[in-house]
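Q: For the sequence shown, this note's numbering gives the first residue as 13, with consecutive numbering after it.
Certain hints may be false.
[Stated by the list, open to error] In the SDA-like style, the derived pairs of lysine to any residue whose C-alpha atoms are separated by at most 20 Å in a straight line are:
hint, residue 1, residue 2
1, 112, 34
2, 79, 168
3, 79, 59
4, 232, 193
5, 182, 193
6, 104, 220
[Unchecked claim] Simulated DEER-style distance windows between Cβ atoms:
hint, residue 1, residue 2, range
7, 31, 234, 32 to 42 Å
8, 87, 117, 37 to 47 Å
9, 135, 38, 36 to 46 Å
10, 194, 234, 24 to 34 Å
11, 154, 87, 21 to 31 Å
Just so you know, these hints were derived from the structure itself, not from any lab.
This structure is a prediction, so every number in the text was calculated from the model and none was measured.
Heads up, the beta-carbon is just placed ideally off N, CA and C, and yes, glycines get one too.
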Amino acid sequence: MSQRGSGAGVFDTDAFQERIGYTFQDQELLKLALTHPSVAHEQGGAVQHNQRLEYLGDAVLQLALTKELYNRFPGFGEGPLTKARAQLVNRKTLAEHGHKLGLGAYLVLSRGEELSGGRERPSALADAFEALIGAIFLDSNFEKACDFILEQFQDVFGSIHVIPNLDNPKGELQEILQAESPEAPVYRLESVSGPDHDRVFECTVQYRGQEIGRGSGKSKKQAESHAAESALKGLRRSAAGPSISEGKPPDFLDGSPVRG
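Based on the sequences and whatever the hints tell you, model everything.
A: Here it is in structure tokens:
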């Protein structure tokens, strides 16, 4: 069986499904998972694309890995589990999984996206990988989707090294953020108040120009540490976990101040 899409050429869906280890009952779901939004933009919105499946697949992926981490690491609390999931699920790792499956060769792209290198664009590969998970979930059930996910991630569970240094929230925050982007958080001293013998320092931590945490303490070092704790608190409250889009600040952090 073959399938043709705008900008996609012809490919053997049987070979592709054998490659991913799953055969679709509804072949239209497979096609939809591989259809880039640029096709709809090119044709005035008349064509469905994979963004909704990506949204669904992200939720399925988060749940599957959260459950697996919960079972694999019974000694980990909420913080370490969040950190472990951040190591596994970020735009870089999702793009790598998409590349490993060769999704770029099968994407249905607009002509403009094709010419601009869309097949190898990490964001397109990451989105298609999540959309594929969403499509498998709809085509079958959570168990089948979970089987697919765990097959893709089986080689990386052993590399998780996330027992956190609870005395180093700055290091933990930097590791989580830099799993998404090489850009490091920036700490700023905002104010110093109180008498000489009882100073109170207030610091913020910023990422891509946006304040993501605030804290105070008896020293600049303590205030920075509390600011990092504030940012981590917001991160852990995020239902979806870390998801920093390229070029955008992290809007999942609530920045609630931590004071000492």
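Q: Now tell me if each hint is right for this structure.
A: Hint check:
1. 112 x 34: 16 Å, holds
2. 79 x 168: Given that 20 Å is the threshold and the Cα spacing comes to 16 Å, the pair holds.
3. 79 x 59: 35 Å, violated
4. 232 x 193: 26 Å, violated
5. 182 x 193: With a Cα-Cα distance of about 16 Å, the restraint between residue 182 and residue 193 holds, given a limit of 20 Å.
6. 104 x 220: Roughly 18 Å between the alpha carbons, so the hint for residue 104 and residue 220 holds.
7. 31 x 234: 32 to 42 Å: 53 Å, violated
8. 87 x 117: 37 to 47 Å: Since the Cβ atoms of residue 87 and residue 117 sit about 42 Å apart, the hinted range of 37 to 47 Å holds.
9. 135 x 38: 36 to 46 Å: Once the Cβ atoms are compared, 26 Å apart, the range 36 to 46 Å for residue 38 and residue 135 is violated.
10. 194 x 234: 24 to 34 Å: Holds, since residue 194 and residue 234 (Cβ atoms, about 27 Å apart) stay within the stated range.
11. 154 x 87: 21 to 31 Å: 26 Å, holds
When each numbered hint is compared with the structure, violations occur for hints 3, 4, 7 and 9.
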